[in-house]
Amino acid sequence: MQRIGVFICHCGSNIAATVDVERVTEALAKEPGVVYAVNYQYMCSENGQQLIKNAIAEHRLTGIVVCSCSPRMHEATFRKTAEAAGLNAYMVEIANIREQCSWIHKDIEEATEKAIVLARTAVAKILLDKPLTAGETGVTKRALVIGGGIAGIQAALDIADAGYEVDIVEKRPTIGGRMAQLDKTFPTLDCSACILTPKMVDCAQSDKINIFSYSEVEEVKGFVGNFDVKIRKKARHVDETKCTGCGVCMASCPSKKGLNEFNMNLNNRPAIYIPFAQAIPNVAIIDPEQCLKLKSDKCGLCQRKCGVGAIDYKQEDSFVERKYGAIVVATGFRPIKLDNFNEFGYADNKDVVTSLELERLMNAAGPTKGTLLRPSDGKHPKVITFIQCVGSRDVSGCGKPYCSKICCMYTAKHAMLIREKYPDTEVHVFYIDIRTPGKNYDEFYRRAVEQYGVDYIKGMVGKVYNENGKLMVQGSDLLDNKQIVIPSDLVVLATAIEPDPSVRDIATKLTISIDTNDFLTEAHAKLRPVESPTAGVFLAGVCQGPKDVPETVSQASACASKVIGLLAKDKLKGNPCVSHVDENMCTGCSQCEQVCPYGAITYIDKEFRIGGGKTETRRVASVNPAVCQGCGACTVTCPSGAMDLYGFSSAQILKEVEAICKR
Amino acid sequence: MQKIEELMYKRASEMLESGEVDRVIAWKKGETCYDVSPATFTKDNLEGFVYDAFCGANLSKYLVEESKKGGKILVFLKPCDTYSFNQLLSEHRIKRENVYVIGIECQGKIDANKLQKKGIDGILSVEEKGDKLTVKTLYGDKEIAFEEALSVKCETCKSKEFAVSDETIVLNEMRDNREKRFEAVERLEKMTEEERYAFWQAELSKCIRCNACRNVCPACTCTHCVFDNDKSGIAGKANADSFEEKLFHIIRSYHVAGRCTDCGECSRVCPQNIPLHLINRKYIKDMNEFYGEYQAGAAVTALNPIVDFTKEDVEAATVVGGKK
Numbered sequence: 001m002q003r004i005g006v007f008i009c010h011c012g013s014n015i016a017a018t019v020d021v022e023r024v025t026e027a028l029a030k031e032p033g034v035v036y037a038v039n040y041q042y043m044c045s046e047n048g049q050q051l052i053k054n055a056i057a058e059h060r061l062t063g064i065v066v067c068s069c070s071p072r073m074h075e076a077t078f079r080k081t082a083e084a085a086g087l088n089a090y091m092v093e094i095a096n097i098r099e100q101c102s103w104i105h106k107d108i109e110e111a112t113e114k115a116i117v118l119a120r121t122a123v124a125k126i127l128l129d130k131p132l133t134a135g136e137t138g139v140t141k142r143a144l145v146i147g148g149g150i151a152g153i154q155a156a157l158d159i160a161d162a163g164y165e166v167d168i169v170e171k172r173p174t175i176g177g178r179m180a181q182l183d184k185t186f187p188t189l190d191c192s193a194c195i196l197t198p199k200m201v202d203c204a205q206s207d208k209i210n211i212f213s214y215s216e217v218e219e220v221k222g223f224v225g226n227f228d229v230k231i232r233k234k235a236r237h238v239d240e241t242k243c244t245g246c247g248v249c250m251a252s253c254p255s256k257k258g259l260n261e262f263n264m265n266l267n268n269r270p271a272i273y274i275p276f277a278q279a280i281p282n283v284a285i286i287d288p289e290q291c292l293k294l295k296s297d298k299c300g301l302c303q304r305k306c307g308v309g310a311i312d313y314k315q316e317d318s319f320v321e322r323k324y325g326a327i328v329v330a331t332g333f334r335p336i337k338l339d340n341f342n343e344f345g346y347a348d349n350k351d352v353v354t355s356l357e358l359e360r361l362m363n364a365a366g367p368t369k370g371t372l373l374r375p376s377d378g379k380h381p382k383v384i385t386f387i388q389c390v391g392s393r394d395v396s397g398c399g400k401p402y403c404s405k406i407c408c409m410y411t412a413k414h415a416m417l418i419r420e421k422y423p424d425t426e427v428h429v430f431y432i433d434i435r436t437p438g439k440n441y442d443e444f445y446r447r448a449v450e451q452y453g454v455d456y457i458k459g460m461v462g463k464v465y466n467e468n469g470k471l472m473v474q475g476s477d478l479l480d481n482k483q484i485v486i487p488s489d490l491v492v493l494a495t496a497i498e499p500d501p502s503v504r505d506i507a508t509k510l511t512i513s514i515d516t517n518d519f520l521t522e523a524h525a526k527l528r529p530v531e532s533p534t535a536g537v538f539l540a541g542v543c544q545g546p547k548d549v550p551e552t553v554s555q556a557s558a559c560a561s562k563v564i565g566l567l568a569k570d571k572l573k574g575n576p577c578v579s580h581v582d583e584n585m586c587t588g589c590s591q592c593e594q595v596c597p598y599g600a601i602t603y604i605d606k607e608f609r610i611g612g613g614k615t616e617t618r619r620v621a622s623v624n625p626a627v628c629q630g631c632g633a634c635t636v637t638c639p640s641g642a643m644d645l646y647g648f649s650s651a652q653i654l655k656e657v658e659a660i661c662k663r
Numbered sequence: 001m002q003k004i005e006e007l008m009y010k011r012a013s014e015m016l017e018s019g020e021v022d023r024v025i026a027w028k029k030g031e032t033c034y035d036v037s038p039a040t041f042t043k044d045n046l047e048g049f050v051y052d053a054f055c056g057a058n059l060s061k062y063l064v065e066e067s068k069k070g071g072k073i074l075v076f077l078k079p080c081d082t083y084s085f086n087q088l089l090s091e092h093r094i095k096r097e098n099v100y101v102i103g104i105e106c107q108g109k110i111d112a113n114k115l116q117k118k119g120i121d122g123i124l125s126v127e128e129k130g131d132k133l134t135v136k137t138l139y140g141d142k143e144i145a146f147e148e149a150l151s152v153k154c155e156t157c158k159s160k161e162f163a164v165s166d167e168t169i170v171l172n173e174m175r176d177n178r179e180k181r182f183e184a185v186e187r188l189e190k191m192t193e194e195e196r197y198a199f200w201q202a203e204l205s206k207c208i209r210c211n212a213c214r215n216v217c218p219a220c221t222c223t224h225c226v227f228d229n230d231k232s233g234i235a236g237k238a239n240a241d242s243f244e245e246k247l248f249h250i251i252r253s254y255h256v257a258g259r260c261t262d263c264g265e266c267s268r269v270c271p272q273n274i275p276l277h278l279i280n281r282k283y284i285k286d287m288n289e290f291y292g293e294y295q296a297g298a299a300v301t302a303l304n305p306i307v308d309f310t311k312e313d314v315e316a317a318t319v320v321g322g323k324k
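Which chain is which? The protein sequence lines are A and B, in order. FYI, the working numbering numbers position 322 of the first sequence as 322, with every residue one higher than the one before it. FYI, the working numbering numbers position 27 of the second sequence as 27, with every residue one higher than the one before it.
Source of the hints: derived by calculation from the structure; they are not laboratory data. Just so it is clear, CB atoms sit at the ideal spot from N, CA and C, and this is done for glycine as well. You may find that some hints are simply not true.
Covered, in the sense of this in silico footprint (three residues per stretch, anywhere, with C-beta under 8 Å from a C-beta of chain A), are these stretches of chain B [stated by the list, open to error]:
id: 1; region: 86–99
id: 2; region: 220–226
id: 3; region: 250–262
Same shape as in the complex, but just chain B (with noise of 0.2 Å):
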C-alpha cells in the first residue's frame, strides 16, 4: 500500500503544480493512524496525504459540491467509489468534464472497531502481509488474518472493476468477495415474518437519528432533504417515538432504492454498527430476480430498472414473497 500512496502523491502533486488540476480530493491523515477523513488538497497544501487500508471512505459524493467551486479536480477512487461516481454523472450531480478519475488499487478496507472488539487496543499502525494483518500496538505486535479485520462493506465486495477512469493505479491483482453479497440476505429472507420483524426492530431502535447514514450516501443529495423539509409532512412526525424504527431507514431506502451502488457507506459510518446496506441490498436482489440483473452506476446512462417500463416486466400480481 505504501508504494501506492507514493504513485498517488506523485501524480496528485504533479497534476496540481502543472495546473491540470486545481484540487484534490483524497484522504487525510488524523489524530490516529484509523482516524482519516476526506479532504481537499490543493498545490500548496499536500499535507497529511494518506492511503492505507483505513481509507475506506467513498469520494465521489464529495465532488457535488466540491465541482460547484468551480476548476478542475483530481479524486481517487477505489474500483466500488467508481461505481456510485456514474450514478451521481446519470443525476448530473457532476460534470465529467470537471473531474480527473484516478482508479487506484484496494484490497479491501479495514475496521477499527473490529480490531478493538477483538481486543486489540492501543492501534499505532497496521501493515498489510498478503492474508495477514500486523497491528503495532501501545502493548507491542498483535497478528490477526486481513479477513477478519475488513470493514463491513468489503466483506462482500461487489467488484474490483472500475465503471469509470481517466487512469489507474494498480499494482496487484485485486480480489472480489462477489460470489458471497447476497449470503446476509439470504439469511434474512428464510426467517418468519415474526423474526425479521423483531430482527429490525431490535437493530433499528438502537439509531440515534445522528443522520450520518443521510449525510455520507452518495444517492442522498437532494438539494432539501425529506427529513429536513416542513412542507413534507415527515419532519412532523420525526418526534414520534417509534420513528427511526418504523419509518426513518424504511423511507430513506426507498428514496436511494434503484440508485443505490450497494457502496456501504451508511453502514460504515453507522456509530451503532446497524447493517443498514442489507436493506438496500434486498431490493437490489429482488430487482435482480424480477428485472434482471443490474448494477446502479455500471454505466451512465442506464435507466434503473424501477423507473424504467418494459414490455417484459415481471406482472406485479404474480410475484407473492420474492419469489416468482
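If we strip away everything but chain A, and leave its shape as in the complex, we get (with noise of 0.2 Å):
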C-alpha cells in the first residue's frame, strides 16, 4: 500500500496570488493513497526541501507530488531530495501548478479547482509508479563539429585544447566559412581574414582536430555519448592526400567560366581550382559542371599537369563511419535571396549589390583587387546609397520578421570604409532605427556620422529605378517629412540574413527543432542557451540566431565547455524510463522496429512454453535500454499492447486520464 505525500509549493506569490494552497492542501489530503499533504512558500529552498524529508521519514511516504514548476525547472532537485531521504528517486512526481495553471489563469476558483485537478492527476500516476534504477553507459571521447565557420572553428580549437579529438564536417571544399568572405570586421576594423585564418592554420595544424572538408552528415544513429555519425565525403575529384596545393592544374584549365562563389559570383575561376589563398585545406577541387573532362571526356590537361598525379577524374564519393560523445552544429547562414524585393532592382542592375558582395568588392583578394569599382562598367562610384533593413524586421511575408542585428553596424563600416579611402564619394544610408548595443558599437556609429560625414536618412526606400545610366534611389525622409530621390552611382542593400537551408535536414537527422524562421531551438532561451533540447547536441552561431562575430565566437566557446564537461565524463547516467517489451504479448510484426527513431529496438527468437510440456520458438522485440530515450513511439505504435514505458505506463496515462475526467 502506497503512502504519498503532498507537497504544495506558493513559489512565493507565483502560485499562491492565483491558486487557493490551502483548498488545495484540503482537498488533496482526502485522496486516496494520501497520507500527508502540506502547503509551503519556497518547497525548492533549503527548508522546503528539508520538509519535505522530514515528512517522507515521519510519515513513512513512499512517494512524493510536488505541486509546483514545471518539472523542467525543479524535478530534479526534488528527485535528489527523495532519494536523500531514503526513497527512490523516481517515487517522484511533479505536478505543473505553475506554468500550466496559476500563471495562465486569471480567476482564483477557476485556477484553484485545475490546481486540484493536476494535483490529483499526479496521485493517480504516482500509485503506479515503481522505483526504477537508471543505467549507465560510456562516453565516446570525441566531439563532432557540423560546419567549419568561425563558430565551428572556435569550438573545434577549444575542445582540442582540452585534450579531446574534434572532427569538423564541413559542407563547402575549405573551412573559414561567411568570417573569411569578409573584408574587415567592426568595430575595431581589423582585416577579416588576418585574425581568422591562423585559427583555420591552427585547425590545421592540431593533432587533435581532423577536418572533413567537402563532406555531410549522411546519418546520424545513437544518443548522447554515443552518437554514431555516417559521414559523406564528396567526390573532389583530386586526392587530398596528394595534393600540394601549388596551383599548376588552376592555371591549366581551359574552362573559366565557372562563377566564384567566394567572390559571391562576382568573377569567374576555372574548372579546378582552390577557393581562396588560404583554403583549409588547401587542395584543389573539380567543379564536375564546368570540366570538360568529367561533362564530355575531352581535356585532362589538370592531370597531365599535376606534378604529384593527385587528380582523379574516377573519385566517387566516399562514406566515413565515426562514433562521438558530442555533436556541436554550427551551421550558419546566407543572405536572404532578393526575388521579392524587385523594388530595389537588384536582379535588373549589375550596381544594386548585396553587402556580403561589397565585402568582396573593398576585399584585397576580391574581383577588383580591393579597389572599390563598380560592376557594370568598371569605374569609381562617387555617390553610394545603402538601404538598410532589406528583408529584415518585415512583417509583410515578402522578409523576414526578425533583425538580422549586424547590418547596422556593417553598413556603417562601409560607409566609413569607403569616406576614409575614397573621400571624394557621397555616402548616404537608409534606415528605420539604427541599433547599435555593445561595446564600443555606438561610438563607432557615431564615428561614421561625426567623424567622417555618412550621411544617414531615417526612411525606407520606396524603389530604385535606372534613369540615364544613374540609380535612382527614392525614398522618405521622415524627419524632414519629404520624399527625396538620391541618383545614384552604387546602390548597397543590406540583405537580411536566414540559417543555412542545410539546417533543416541537419536538424531532422539530429532530432532538434527549428523555429518558424528555420532557427535552431535552444534547450532554454535564458538558462540554457547553446544546448539544444537533444541531449548531447549544442548549438553555435547564426543557426541559433543572428549575432556577429564576437557573439558566435563567445557562444562557440560556451558550446565547447558544455561539450567539454560533458566529453570529461566517464559514464553517463541514463534514462530509466524506457520501453520494455512484454514478450508473453508480442506478435514480432517488428512495427516497433520500424518506427523507433534511435535504432532502439532489434528481433530475436525465443523459445516460450505453451503447456503441454510443449515449446515454441517466437519472434520478439528486444529493447535495449542504453539506447532507448524513452520517447513512447513504440508503445502507441505496438497493436499488441507489448510495448510499455517504465514511470509512463499506458496504465498510468490511462489512470491520469481517468483522474482529470473524474468530477
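Mind assembling these two chains? They're in different frames, but the hints should get you there.
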C-alpha cells in the first residue's frame, strides 16, 4: 500500500496569488493513498526540501507529489531530495501548477480547481509508480562539429585545447565560412582574414582536429555520449593526400567560366580551383559542372600537368563512419534571396549589390583587387546609397520578421571605410532605426556620422530605378517629412540573413527542433542557450539566431565548455524511463522497430513454454535500454500492447486521464 | 470454375505425392453446397476438396498457425487474399520459405444469405454462366444476375492482380469493381454527424460479440488479444451494455488500421450482417488522401503510412473533417 505525501508550493506569489493553496492542500489530503499534504512558501528552498525530507521519515512516505513549477525547473531537485531521504528518485511526481495553471489563469476559483485536478492526476500516476534505477553508459571522447565557419572553428579549437579529438564536417571545399569572405570586422576594423586565418591554420595544425572538408553528415544514430555518424565525403576528384595546393592545375584549366562562389559570383574561376589563397585544406577541387573531362571526356590537361598525380577523375563519394560523444551544430547563414524585393532593382541592375557582395568588392583578394569599382563598367562610384533592413523586420511576408542584428554595424563600417579611402565619395544610408548596443558599437556608429560625415536618412526606400545610367533611389526622409530621390552610382542592400538551408536536414537527422524562421531552438532561451533540446547536441553561431562575430565566438566557446564537461565524464547516467517488452504479448511484427528513431529495438527468436510440456519459438522484440530514449513511439505503435514505458506506462497514462475526467 | 477446381486438385495431389509440400490449405465441402470451410489436406486425405463460387474465405490467416507445425504448405490464394498474405509476411507471422502459393482465378464469390433474401431457398447447387447464376433448389431451378448474388466483399473487389504467387491458375480474364470501392464510404461522409452516429449505433447494436470478425481477420494475429487480456484494462469494460456500440469495433478497427488490406472478411463472416469493413475502408480512404495511395500488403517491405513519418506528411492541424 502506497503512502503518498503531497507538497504544494506557493512559489512566493507566483502560485499562491492565483491558486488557493490551502484549499488544494485540504482537497488533496482527502485523496485515496495520500497520508500527508502540506503547503509551503518555497518548496525548492533548503527549508522546503528539509520539510519534505522530514515528512518522508515521519509519515513513512513511499512517494511524493510536488505541486510546483514545471518539471523542467525542479524535478531533478526533488528527485535528489527524495533520494537523500531514502526514497527511490523515481517515486517523485511533479504537478505543474505554475506554468500550466497559476500563470495562465486569472480567476482564483478556476485556477484552484485546475490545480486540484492536476495534483490528483499526479497522485493517480504515482500510485502506479515503481522504483527505477538508471543504467550507465560510456562516453566516446570525441566531438563532431558540423560547419567549419568561425563558430565551428572556435568550438573545435577549444575542445581540442582540452585534449579531446574533434572532427569538423564542412560542406564546402574549405573551412572559414562567411567570415573568410568579409573584408574588415567591426568595431576595430581589423582585417577579417588576418584574425581568422590563424585560427584556420591552428585547426589544420592541431593533432586533435580532423577536418572533413567538402563533406556532409549523411546519417546520425545513437544518443548522448554515443552518437554513430556516417559522413559523406563528396568526390572532389583530387586526392587530398597527394595535392600540394601548388595551383598549376588552375593555371592550366581551359574552362574558366565557373562562377566564383567565394567572390559571391562576381567573377569567374577555372573548373579546377582552390577557393581562396588561405583555404584549409589547401587542396584543389574540380567542379563537375564545368570540367570538360568530366562532362565530355575531353581535355584532361590538369591531370597531365599535376606533378604529384593527385587528379582522379573517377573519384566517387566515400563514406566514413565515426563515433562521437557530443555534436556541435554550427551551420551558419546566408543572405536571403531578393526575389521578393523587385523594388530595389537587384536583378535588373548590376550596380545594385548586397552587402556581402560589397565585402568582396572592397577586399584585396576580391574581383577588383580591393579597389572599389562598380560591377557594370568598372568605374569608381561617386555616390553610394545604402539601404538598411532589406528583408529584415518585415512583417509583410516578403522578408523576415526578425532583426538581422549585424546590418547596422556593417553598414556603418562600409560607409566609414569608403569615406576613409575615397573621401570624394558621397555616402547616404537609409535606415528605419539604428541599433548599435554593445561595447564600442554606438561610438563606432557615431564616428561614421560625426567624423566621416556619412549622410544618415531616417526612412525607407520605395524604389530604385535606372535613369540615364544613374540609379535613382527614391525614398522618404521621415525627419524632414519629404520624398527624396538620390541619383547614385552604386546601391548597397543590407540584406537580411537566414539560417543556411542545410539546417533543416541536419535538424531532422539530429532530432532537434527549428523555429518558424528555421533557426535552431535552444533548450532554454535564457538558461540553456547553447544546448539543443536533444542531449549531447549543442548550438553555436547564426544557426541558432542572428549574431555578429564576437557573439558567435563567445557562444562557440560556451558550446565547447559544455562539450568538454560532457566528454570529461567517463559514464553517463541513463534515463530509466525506457521502453520494455512483454514477450508474452509480442507478436514480432516489427512495427516498433520501424518507428524507433534511435534504433533501440531488435528482434530475437526465443523459446516459450506453451503448456503440455511443449515449447514454441517465437520472434519477439528486444529493447536496448542504453539506446532507448523513452520517447514512447513504440508503445503507441504496438498493435498488441506489448511495449510499455517504465515510469510512463499506458496504465498510468489512462489513470491520469481518468483522474482529469473524474469530477 | 469446375475446370479450375480440377487443375487445383491435380496440382495439390501432385505436390503432396512428390513431397514438395507436406500439407495443403484449401476449401472443403460441408453438408450443403454453401457450407464450405477452410481445411488442411494431407497426402492421405484430399476428400471434400472444393473450389467454387462459395469459397469466399481468405486462407492467408490459417498459415499463421499451420506454419508453426513445420513442413512446407501449399496454399491457394485468390487475388485479394494475396495482399493479406504479404501483410502477414511483413509482420513476420509467416515464413515465406515454408509456403508455396498458387494464385487462383476468382470472378467474385457469392453469398447464400443474399440468395435466401431474394426468396431462393433450398439451395442444392449453383452454376455460373457468364453474368448469370443458375441455382438448383429443392423447388426447381432459379436464375439470378451473378452481380446480385455477390458477397459484400466482392461487390467492390479492389484487385484482380496477385500481389504474390509462385504460380497461378487463371483461365479467364478477371474483373474488378475497384472504381466502386469508396462509394459506400462517401455516402457515410455525406451524412450529418447525427445521422452517421445514428447509423453506426443502429448497426453496432446488432453485434452479439461472437468475435467472428476478430477471429477471421488476417490482421488480428496478436498472441494475446487485447480483449482477452486482463492487464489491458479493457476486459473489465466488456460487460458494459454499450461496449459493442461504443468501444469494441472502434478499438478493433484502430488496432488493424494501416495494416488492414480491406479483404472484407469481417463483413463476410458477421452473422448480423454489420458492414464492419466500412470502418477501416474509411481509414484507408483518409490515408490515401493524406499520405498518398497506399495498399497494405501490396509489397512486403512497405512501411505503413500511419507508423511512417516523412517530411511531406500532411500537418494534422491542416486536416479538418476528412478534407485537406
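So, going through the hints one by one against the coordinates:
1. 86–99: holds (count 4)
2. 220–226: holds (count 5)
3. 250–262: holds (count 3)
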